[in-house]
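Chemist: Residues per chain are reported as follows:
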Amino acid sequence: MRVVVAEDVMLTREGIVHVLEEAGIEVIAEVADPGALLRVVSTRQPDAALIDIRMPPTHTDEGIVAARQIRETEPEVGVLVLSQFLDSGYAMEVLEGHPERTGYLLKERIFDGAVLVDALNRVMEGETVVDPTIVTRLLGRRRLEDPLERLTPREREVLSLVAEGLSNKGIAERLVVTERTVEAHVTQVFLKLGLDGSPGSHRRVLAVLAFLRA
Amino acid sequence: MMPETETVGIERFHRLRLVPPGLLTLIGIAFLYWVARGADNSVESTFVAQSTWTLATAQAAGGALLLVGLGGAITRPDRMIGLLTTGLALAWLAPEVAGWSGAPLWVRHTALPLGTMFTPLLVVIGLLYPLGKARARSDRRLVKASYLFGAAMTMAVGLLYQPFLDLDCWRICSPNPLVLFDNPDVSRSVIDLSLWMAIALSSSFLWLALNRRLARSQHQVKAPWYVIGPIGFLALAEIVHASLLLPGLQFPVDPFAQRFMTLFIIRAGLLIAVGFGIAWDLIRDLRIRWSLAGLASDLEEGASGSLASILAQALNDDTVEVAYWIPRLQRHVDANGRTVVPSPEPGRAVTMIESSGTLLGLVMHSSKLAATDLEREIGSAARLAVDNERLRAELLAQANEIRESQGRIVSATDATRRALERDLHDGAQQSLLALSYKLRIARTEARRAGSEDSAAQIEKATEETLATIEAVRKVAHGIFPSILVDAGLIRALESLRERSAIPVDISLPDKRFSELTEMAVYQLIADAIEATTSGVVDGVSVSGTESDGWLTFEVTHPNLRVGYALTHAVDRIGALEGSVVFTEAGLRAEIPCE
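Taken in order, these protein sequences are the chains called A and B.
Mapping the first sequence onto the working numbering, position 139 (from 1) lands on 154, and the numbers just tick up by one.
Mapping the second sequence onto the working numbering, position 88 (from 1) lands on 99, and the numbers just tick up by one.
In case anyone wonders, no lab produced these hints; they're calculated from the structure.
For every residue, glycine included, the Cβ atom is placed at its ideal position computed from N, Cα and C.
Hints are not guaranteed to be accurate.
Claimed, not checked - Listed next, the stretches of chain B that the computed footprint assigns to chain A, with coverage defined by at least 3 CB atoms under 8 Å from CB atoms of chain A: (1) 434-447; (2) 490-497; (3) 505-519.
Sequences are here, hints too, so could you generate the full structure?
Modeler: Written as structure tokens, this is what we have:
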């Protein structure tokens, strides 16, 4: 797997590169700003790009803008946005439009080699990745009339994995059950929450996230 | 009690000043009567006896000028125009009076030289109209010259002209009882001189007037065309008339030749036009003054709001603007305390309103209101009200100033907090991330070395580091919600809801507003939610709409009250000219959002 790392803080960038190389992933370029990132993506066709949400010049949403641009112009390139923000709003900004091959991961996860590599693999496979912490927070939100109370603990578990972007296969592996069982759970959850069927695993992430945020 | 004594003084002064125009008008009425009589029986010596046209126009011109003169003297005793117009009427009628054979000789011999004053008076009116003040030094000089030469030539004609010895005499040929010495050459020279004077004064006036029109100096009270135009043509007619009467052209002159008849009627017609022009201005001036008379009480009642709107109504001029000079702020403001920059435009005049030497304000209005001296018309009582409005404007300006500075402070605080938040993320948090990374490497190495205890401890340290990262994130978010700037109000409020301990229902227009507006709204809603949280389970509902550039929203919760916790947020809304009211249900806020 060939990836490009876009991160303006050298210390962090080096750490990421080190973790990736440890895991046997080839880092074809390290860049520190969106311009260089887009150049590398268009000329060297990496498999995926790891993008820091805050980059020069304004250190606001450059990472999000660059991620969207890559999704528009190079749909084959997976994008994983690294962020220090827990706000689901940022994740939505990144995923909206092109949820497939896109991920939003909290920065502190990146040095956990297993998590990072897993996220990259999932993005490469066309899945969507949403940081579990964000999903947990959304699920734990206080509501006046909580529709989630209608779900069984198992269904809640499935729901959170759907929100993290896992495919049925991924969920089945994670929960050590058959894919068919997962399918049944998902159908049940969608039915109970009044959500629209299963429009493909990455689209349903958005549906679930939107539901949880509403 | 200064203003009162001042008013009384002016009134007494006015009454005294009505005596001369009154007397002159009586003489004028007598002149009109004599001219009418002359038309009956002085075919040889008066124009009015020649035709009904000459009689009608001569009488109409004289009558109109007398009326306007008296009107001017009564309504505008402070200006010379009324008296001068009456004088012009007398000078116009005088030659015809002199020509009436039925009048007493002393009357005829007094009337004849009076006619010499016609051109000088015409020129003076042309120069002093409408305010009774000369506008330029050259004007003042010509006014002086007109008075001087006019008076001198009138005396000369009265004391040196002996019609008895004048072969060309026609109006009156009887001996002048006042004449100092009988000499035909002197007599003839006096008449010629008076004609030359008329030519000289008329030409000088025309030259000045044309130059002024061409130069088109702005922002000055200008004489209106409908008065200055006829006066100009009259001056031209005087030149033609005097030239025709000068010797050497055609001698002896037939006074009733067609060209003289025509010229007489033209002059009379132009005089009527002058009379109408002045009357028009007088009526307009009166109307404005009547409207302005109620200014003081209108202002005190605060009737239609501001001086500007009352003036606009009184002057029938929608473009009226009033600017108050605020010395402390070193700028002009309008009645609402907003900064205005008085920029003179073509066709606009500026009137300064002063009170005992201090500039109260500027009134910018159409320069067509030439005949009314606004500065004078805004009387002492109104001036007090104007000063009140100025003080009010000053207070409002200061309030605006404070609000603006409040806004600047808020912006500066925001910028600082944002920088702080960024420092935390890019500094502390990145260092902690790097630390967690090093700890992971250390743990891996400890494991590799078989030191499970160390590995466990390092693992614990890693977890603590991650917890610290989480803590730093919370602090950073509290200092400044980045998502507000990055993704907008709605997204930021959604995040707020994700973190909130109580259910929050949000329904606001999903669009971006200015950063300051979004900050203010966010802060108020965040603080309101924070304030309601303690020990309550009820949800908070936030709903709002945007219309006409205003975002109106309500935060509903039973516990929401006026409280210290919201002061800062309410101030922020206020700094943007918005407002917050606390209601039974919670609070309602309005804020401009364009």
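Chemist: If you count the residues of the region 490-497 of chain B with a beta-carbon closer than 8 Å to a beta-carbon of chain A, do you get 3 or more?
Modeler: Coverage by chain A holds here, the residue count being 4 at a Cβ distance below 8 Å.
Chemist: How about the region 505-519 of chain B: do at least three of its residues have a C-beta closer than 8 Å to a C-beta of chain A?
Modeler: It holds: at least three residues are needed, and the region 505-519 of chain B offers 10 whose Cβ sits within less than 8 Å of chain A.
Chemist: Do at least three Cβ atoms from the region 434-447 of chain B come closer than 8 Å to Cβ atoms of chain A?
Modeler: Three-residue rule met by the region 434-447 of chain B, so holds; n is 8.
Consistency note: the structure conflicts with none of the earlier hints.
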